[in-house]
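Engineer: Spelled out from the first residue to the last, the chains are:
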Amino acid sequence: MQQLLEQYRKTAPDEVKSWVRVGSIHDFPADGGACIKHGTRQIAVFNFARRMEWYACQNLCPHKLEMVLSRGMTGEVNNEPKVACPLHKKTFSLRTGDNLNGDDLKIATYPVKIEQENVYIGFSD
Amino acid sequence: MKKIVVIGNGMVGYKFCEKLAAHPKRQEFDITVFGEEPKPAYDRVHLSEYFAGKTADQLLLAGSEWYEEHRIQLHTSELISGIDRKKKQVTTYKGKTYTYDYLILATGSTPFVPPVSGVEKKGVFVYRTLEDLDAIKDYAVRIKREGKTNAAVLGGGLLGLEAAKAVKDLGLKAHVVEFAPRLMPRQLDDKAADMLKTEMEDLGIRVHLNKRTENILGEDRMTGMQFAEEEILHSDMLIISAGIRPRDELARNCGLETGERGGIVVDNRMLTNDPSIYAIGEAALYNNGIYGLVAPGYDMAAVTVEQITGGNKVMAESIDMSTKLKLIGVEVASFGDPFIENDEVVAVTYENKFSRIYKRINVTRDGKKLLGGILVGDASEYNNLFQVYLNGLPLPENPEDLILGSRGEGSASALGNVLDLPDTAQVCSCESVSKGAICNAVTEQGCASVGDVINCTKAATGCGGCKPMVADLVKETLKSQGIEAKEVICEHFDYSRQELYDLIRVNGITTYNEALDTLGKGGGCEECKPALASLFASIYNETANKQVTIQDSNDRFLANIQRNGSYSVVPRVPGGEITAQKLIALGKVARKYDLYTKITGGQRIDLFGAQLNQLPHIWKDLIDHGFESGHAYGKALRTVKSCVGSTWCRYGMHESVSFAICIEDRYKGIRSPHKLKGGVSGCIRECAEARSKDFGIIAVEGGWNLYICGNGGANPKHAILFAEQLDDETCIKYLDRFLMFYIKTAAPLTRTAKWLDDLEGGIDYLKQVVIEDSLGIAESLEKEMQQLVDSYECEWKQAINDPEMRKRFSHFVNSDDTDDNMVFVPMRDQKMPRPW
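Chains as they are written, first to last, in my numbering: chain E, 1 to 125; chain U, 126 to 961.
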């Protein structure tokens, strides 16, 4: 169980060692998310079309350890982009990875960049 | 810059850092913290969750990166061995020195180990740190491997019972040994403790009371405990949880004043007899007491931060030891003086041995004041009682109403109006927010919603237990200002669902983005998206396939997400009637995809365990066999349950099956504020249990009786008789009007029963609108319903026939692989998700 979680580490933009292409922008629904696979990791990628922003985080729900976050509904609270887990509606900030419902389960977030309609996720390894 | 050294990185030491880090004068201090454990401060209150699967990291209050971010130097695994008060410096066990301007002693406590002979034997543990828990875990594995299964806990207090649960979680047989004649002797009276004991024993935890342990048996490793009078309990492991002793040795060695029985003496500023040294938490002796709860420790941390930064906040005179917790699934609370017994006091008790509930309140003889009490089994009134006690609020005429609830018709809660609380009443104890601060946020600072008030005051951001009271206060304060708190959908739309229904219709708005641009603000959220999706469905009968990302998770994938992230599939079986051919088809599909099958509570067949990518394939097969979506995932009509009626039953009066099928087909796919269920019974024997449904139809002499607004669920409610002896056509006409009126006016996620409760004028008003057409809208309601009925389309058929729509069901965008994290385990010849 612990190993599952440990695969995911918050990656800041300046820690990125490799940018991995994970699809075209058309693979991801506007104002929604989808999941990509990178090695053994599952990463949820969110297209905030209204804000023209992209975010990525672990697909693993840190609460019950199921691979579901990409299927959650995106939204914002006080301008903070967030995703609600489809299992129990815990919401997580996609900027900081913080659980916005008060307890300390955090998620790992990853930088995303878009170049010529291609979506890249930044990894530190 | 002043140098602060904190010795101790437990919960209280951390709280001190957190409070200081957030203080406006933070920049004036340089903070260094020493913790002797290898990990930064963690949540000791929830320590036993470590056994139930929580990881050490999940228990952390803040990771080391938090300390870095806040420029606090944290030294873990570093023991302080001495304090030199003259030089104002501390020395670590490695001989390094650090100077300070202020020293904070947050050294906590150690478990008290009673001087019983044999406590040094292998297999004897204390329950305090993560390391202790690891050692207990390892030892448990070892003795289990040797076939030994008994473990004892010495001490039947709060922590002892937690430890017993931990032992049980480790797969051992737990025994609790208590010296006193009852469990939790400091919080509970005999009856409450008895109730708790019964609960514990039901859970398989043996409780031994009145037992003085004289000897721990065994050679090198312990094998049992010997009590007075030669009585022996065989046990291969013992966890001692017999109280705490403050860790004051550093303080004592440097000449600070300590208490006779331990503890660093502090005044109400948390200052020791050295003006540069403060002591907080379980190490501090304040008013001759050591306080082993986290809340007073947090208060002490807050007072110290204030003192150091020039404030004048001091510790309260008496410290409240009230506590509410859930012990192994049993709610237990105790507040004020739970035991007080004298001529001036009357104890009012309520005991229900059947539901295992015990409540006691201690009230002054004149019935004016609440002095304390105990709740076991049901502690739901704790917050109210605690407020009444803490603020000395007047009691209701019959004080027993406080624990029995008002039994008269229509009377309000025993607490009365929340605005009657004094301004000083502490509503949120985690963040110390008073009633006054909450009301002030509304009246002075312009907060207009619960969310605003929470952001502004930080109330309800801790444990969240006070949120209902905060919401009530905000609502009542707004009301007292003449502002009727409107039930707006969320921060993005300043309208109620009903207003949005009309606005969308009148303006012909067809997409969520358009609605947000013209009627709302910001980017939307998981509250308003599904609410608007429901409105588009109700107004245009738009299926969930058109705007997939605003659909609730289940609607987005047209299936119910289950415990392990797999989905269940429920095709429609109208009225529960199904041909043999279709039964076989369902069985074949279930076998082909290895699905778990179960008959649902609504007379359908549920196929569980489908992976996301399998859903379109399963539905293709089902649709080929003539099935259509059952909308088990939607806020929509689920089933119309029926008995067999006059078709087969010798008592049947009318054809309930045909009528149920007719109605289910009529309303299938229609989205509503919440799920809808119906039932049709062929006679008053009511085998379809139609009166527990949103609409129930029962055959009587001369036609159908129509019942409405019942439901099962958390608060079951019998449906109310609405009209009698109706023919088929009138029954459907009334149903059309009733359902459409509900769909148009109910708040999101409100079942019909709750909607009727909140409807001004109640059932009589509803009868006027639906039967007598008092508003003159009956015809348009019928017309709108007919439009919905006419535009039905099976959304699963839509989804699988369109390659674009199908795309959403692949697990990965960049790979054809499926989720390898999903694990099933066998159960009764089928499969189920691995337990959480």
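Any given hint could be a false lead.
[To be verified] In silico DSS-like pairs for lysine-lysine, Cα to Cα no more than 25 Å straight-line:
#, chain 1, residue 1, chain 2, residue 2
1, U, K219, U, K164
2, U, K262, E, K64
3, E, K89, U, K800
4, E, K106, U, K583
5, U, K604, U, K671
6, U, K908, E, K89
7, E, K106, U, K144
8, E, K64, U, K293
9, E, K89, U, K262
10, U, K879, E, K89
11, E, K64, U, K164
12, E, K106, U, K869
13, E, K89, E, K17
14, E, K10, U, K179
15, U, K247, U, K269
16, U, K246, U, K219
17, U, K908, U, K956
18, U, K273, E, K106
19, E, K89, U, K671
20, U, K869, U, K908
21, U, K646, U, K869
22, E, K106, U, K164
23, U, K869, E, K10
[Said to hold, decoys possible] To be clear about the criterion: a stretch of chain U counts as covered by chain E if any three or more of its residues have a C-beta under 8 Å from a C-beta of chain E, and this derived list gives those stretches:
#, region
24, 637 to 649
25, 813 to 821
[Said to hold, decoys possible] Residues of chain U clear of chain E, computed beta-carbon distances all greater than 10 Å:
#, residue
26, V251
27, N275
28, E344
29, V470
30, S605
31, G607
32, P655
33, V673
34, N679
35, N689
36, G690
37, D944
Hints are computed from structural coordinates only; laboratory data are not their basis. Note that this is a predicted model, so its numbers are computed, not measured. Cβ coordinates follow ideal geometry from the N, Cα and C atoms, glycine included.
Engineer: So which of the earlier hints does this model not fit?
Structural biologist: Numbers 5, 6, 9, 12, 13, 16, 17, 18, 23, 25, 32, 33, 34, 35, 36 and 37 - these are the hints that the structure violates, sorted from lowest upward.
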